[in-house]
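Undergrad: Heads up: the protein sequence lines correspond to chains A and B, in order. Just so you know, we're using the numbering used here here: the first sequence kicks off at 1 and counts up by one. Just so you know, we're using the numbering used here here: the second sequence kicks off at 257 and counts up by one.
Among the hints, erroneous ones may be present.
Per the computed footprint, the stretches of chain A lying under chain B, defined by three or more beta-carbons under 8 Å from a beta-carbon of chain B, are [to be verified]:
#1 83-96
#2 102-116
If you want the ones that stay clear, here's a sample from chain B, every Cβ over 10 Å from chain A, calculated [claimed, not checked]:
#3 Ser368
#4 Gly520
#5 Arg564
#6 Val568
#7 Ile637
#8 Val749
Since the hints were made in silico from the structure, they are not lab data. The beta carbon of each residue, even a glycine, is placed where N, CA and C say it ideally should be.
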Amino acid sequence: MTQISSPLALEIQGLAKHFDRPAVDGLDIRVRAGEFYILLGPNGAGKTTTLRMVTGLLKPDRGSITVFGIDALSDPVAAKHVMAWLSDEPMIYDRLTPLEYLNFVAGLWGIESDAVETRTHELIAWLGLTPYAQQRCEGLSKGTRQKVALAGALVHEPRLIILDEPFTGLDAASARSVKNVLRERVAQGCSVIMTTHILDVAERMADRIGVMSGGKLVAEGTLEELRCQTGAGQATLEDTFLALVESDTEQGPIAA
Amino acid sequence: MIRAGTLTWYAQHETRLAWRDWAWLLSGGRRRRGYAVTVGLLAFFIFVHGLAYLALAPSVDFTAPPDKRLLVTIGGTLILYGSLMLSQAMEAVTRAFYARGDLELILSSSASVERLSAVRICAMAASVAAMSLVLAAPVINVLAWLGGAHWLAAYGVVVALAMAAVAISVVLTVVLFRAIGAKRTRLVAQIISAIVGASFVIGVQFAAILSIGTLSRVALFQSAVVLNHAPDSDSFWWVPVDAVMGNGLALVVVLAFGALALAGAIRFCGPRFGDLALAAGGISSNPARTYRRASNFRTASPGQALRRKEWVLLLRDPWLMSQSLMQLLYLLPPFFLLARSFYGENHRAALAVPVLIMAAGQLAGGLAWLAISGEDAPDLIASAPVAAARIWRAKTEAVAGAIGIVFGPPIVLLVIVDPILGFITFFGIAIAGASATLIQFWYRAQVRRSLFRRRHVSSRIATFAEAFSSIIWASAGALAVVNFGIAMVPSAVALAVLAGAWLLAPKRP
Chain A
1 MTQISSPLAL EIQGLAKHFD RPAVDGLDIR VRAGEFYILL GPNGAGKTTT
51 LRMVTGLLKP DRGSITVFGI DALSDPVAAK HVMAWLSDEP MIYDRLTPLE
101 YLNFVAGLWG IESDAVETRT HELIAWLGLT PYAQQRCEGL SKGTRQKVAL
151 AGALVHEPRL IILDEPFTGL DAASARSVKN VLRERVAQGC SVIMTTHILD
201 VAERMADRIG VMSGGKLVAE GTLEELRCQT GAGQATLEDT FLALVESDTE
251 QGPIAA
Chain B
257 MIRAGTLTWY AQHETRLAWR DWAWLLSGGR RRRGYAVTVG LLAFFIFVHG
307 LAYLALAPSV DFTAPPDKRL LVTIGGTLIL YGSLMLSQAM EAVTRAFYAR
357 GDLELILSSS ASVERLSAVR ICAMAASVAA MSLVLAAPVI NVLAWLGGAH
407 WLAAYGVVVA LAMAAVAISV VLTVVLFRAI GAKRTRLVAQ IISAIVGASF
457 VIGVQFAAIL SIGTLSRVAL FQSAVVLNHA PDSDSFWWVP VDAVMGNGLA
507 LVVVLAFGAL ALAGAIRFCG PRFGDLALAA GGISSNPART YRRASNFRTA
557 SPGQALRRKE WVLLLRDPWL MSQSLMQLLY LLPPFFLLAR SFYGENHRAA
607 LAVPVLIMAA GQLAGGLAWL AISGEDAPDL IASAPVAAAR IWRAKTEAVA
657 GAIGIVFGPP IVLLVIVDPI LGFITFFGIA IAGASATLIQ FWYRAQVRRS
707 LFRRRHVSSR IATFAEAFSS IIWASAGALA VVNFGIAMVP SAVALAVLAG
757 AWLLAPKRP
């Protein structure tokens with residue numbers, strides 16, 4: 001699945017953000033095109049802050065962000081054209097129907113009118129939203145709302161999908177359908193960077209995993225590489241993750 | 257130590273919640289601001305006492321024995337004030353069923369639902385009484401100062417009215433639940449509450465407008481028509497009025513009536529409270545409404561998509577619509593009154609100029625808040641490939657479009673009647689609307705649009721600046737009808753208000 005020689009989908013260099021304490025502190029991450037990259041870390045590690053800076057929702061104090069060669073800080077509009085952002089709280093309008101929501105998002109991304117209808121209906125069918133397509137979103141369950149938000153994130157066919165804890169509160173069936181959609185997208189060449197606390201998801205889906213702690217990247221690599229770095233042998237990702245987070249982060253990232 | 261689960265324990269819990277709700281409403285959650293607001297309220301309270309003195313001292317003859325005119329005046333005032341209390345009570349009861357997040361917790365516990373409902377209904381009565389007493393206190397205190405301590409009995413009548421208003425509201429809500437179901441009750445109850453509340457404000461102004469040649473609100477009650485149709489002085493209907501004037505027995509009767517009504521409501525509603533609350537909770541988060549024809553957002557322009565989104569969301573929220581339009585309803589009577597006094601009979605069409613300008617400023621403020629601060633998907637908009645300036649422009653255009661739709665027809669009518677009036681109104685509406693929108697933009701704060709009712713809490717400066725700007729632009733419009741040169745004075749003041757709001761606005765990176 002991983003295309004090592006492909007260009008970079010996302011390149012973060014020296015990224016920093018300070019609130020009342022450093023939230024992100026000199027972060028370097030590279031996500032390759034067509035790669036499924038998962039960011040792990042304890043609460044407050046700086047994962048969400050990092051992703052919000054990438055999507056232009058927060059201004060970094062310093063550092064650079066490049067999305068498919070586009071400088072996301074100097075030309076955010078161009079970078080946003082190829083990105084999609086999905087948070088754990090579905091960003092949808094209660095008084096719109098899923099169909100209207102997708103049309104609205106398509107309008108925001110300036111997609112040609114002819115292409116929108118086919119694409120929205122495909123996404124609705126793909127995510128099993130057909131029975132709810134014409135109901136107001138306020139009446140939908142958390143899982144269905146999250147699927148609507150995911151459909152919204154995919155409607156403009158982004159090349160980089162950024163997800164922050166997308167499985168929070170989803171039932172098993174909804175979570176599986178979201179995972180399937182993401183896998184399909186990656187298979188088609190799309191890149192995904194995602195945070196999650198569900199280590200099982202990271203273990204099964206990630207091409208590479210980055211572990212953040214205290215605003216820094218403390219380890220990065222495939223699951224096997226992370227195991228080797230911690231000397232954990234055949235330990236689970238949970239054991240490996242906890243060993244990484246609990247170790248002295250001041251030693252800097254353990255590069256793959 | 258109070259034992260858990262008892263009536264006293266519930267009462268303590270409710271009192272604590274109510275107090276914190278009030279404190280938050282006044283301070284917006286900031287302790288330091290709470291002190292400033294308290295001092296400001298005290299100053300305002302003293303000021304209102306002064307106003308009450310100026311209004312009552314010259315017009316009430318305390319030495320003369322009470323006659324039918326006085327009975328009718330006090331009775332009419334009680335009816336109008338009672339309608340306001342009934343509106344407050346309806347609002348409180350609706351909130352108790354639909355907007356309390358702790359009902360599921362309490363109903364899933366082993367606590368007694370009857371006790372809870374009894375305390376909650378009493379808490380509503382206490383809250384309505386407290387609010388009404390604060391509003392009535394200046395008049396009652398001044399009456400007692402000028403006419404004697406027996407007027408203090410009016411406090412008791414206000415408390416009795418509060419109990420009766422809550423009892424009526426509770427019973428009405430339960431009956432609505434039964435008749436039209438939990439789903440529609442919320443909207444219908446809110447509409448009834450708004451209409452009843454508006455009837456107070458409009459009734460007071462209507463009374464003044466009908467009293468031609470005077471600004472007195474009481475003149476209508478003293479007219480021959482009303483006096484001839486009023487019951488005789490010894491009628492039972494005057495018991496509440498006798499109570500206001502200090503008749504001890506009448507006060508006991510009125511208080512007993514209020515208490516009995518409240519007890520009856522508790523008895524009637526108590527056993528049903530749990531079921532009704534659960535029914536309300538069940539529908540509030542899950543209304544499935546289907547649209548066969550989807551609104552068309554399929555355009556190549558993000559600006560168009562944003563504008564349409566704002567309009568569709570507004571049209572699909574009858575509660576927000578009614579809240580916005582209700583502001584206009586409250587404004588109309590006083591402005592008609594002022595304009596009528598100002599222009600006389602020669603410029604009938606000119607009456608509309610300040611009314612429309614003021615209403616446009618207020619409506620634009622509400623709509624701008626919804627579009628700018630009440631954005632439910634801020635991350636989606638911010639992560640879209642659209643420049644921030646274009647987003648703000650589209651949202652401003654959405655507000656301007658809605659204002660145009662509402663005020664376009666009256667402007668056209670005015671242009672037909674008198675082109676100069678039409679031009680003044682158009683210009684006034686545009687500038688008042690733009691001012692209110694700018695203030696909302698400078699003081700924007702991302703919140704859920706469902707918090708529209710509390711939008712005034714987030715920034716008092718923005719609230720006052722918006723109100724002053726609308727009022728002053730309306731005054732400028734009113735003066736422009738007579739003399740363009742004089743209109744420059746309030747226009748300069750309005751611009752100064754705007755500049756002040758801009759200078760005080762939070763600085764953003």
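Undergrad: If we take the beta carbon of B/Val749, is the closest beta carbon in chain A still more than 10 Å away?
TA: Holds, since 38 Å exceeds 10 Å.
Undergrad: For B/Val568, is the shortest beta carbon distance to chain A beyond 10 Å?
TA: violated, 7 Å
Undergrad: Just double-check B/Gly520 for me: nearest Cβ-Cβ distance to chain A has to come out over 10 Å.
TA: holds, 37 Å
Undergrad: Taking 10 Å as the cut and beta carbons as the points, is B/Ser368 off the interface with chain A?
TA: At roughly 33 Å from the nearest Cβ of chain A, B/Ser368 sits farther out than 10 Å, so the non-interface label holds.
Undergrad: Check the non-interface label on B/Arg564: least C-beta distance to chain A beyond 10 Å or not.
TA: violated, 8 Å
Undergrad: Just checking, B/Ile637 versus chain A, shortest CB gap more than 10 Å?
TA: violated, 7 Å
Undergrad: Between the segment 102-116 of chain A and chain B, see if three or more residues pass the 8 Å beta-carbon test, and mark the coverage as holds or violated.
TA: holds (count 12)
Undergrad: Count the residues of the segment 83-96 of chain A whose Cβ falls closer than 8 Å to any Cβ of chain B, and tell me whether that reaches three.
TA: holds (count 10)
Violated hints for the displayed structure, listed by number in ascending order: 5, 6, 7.
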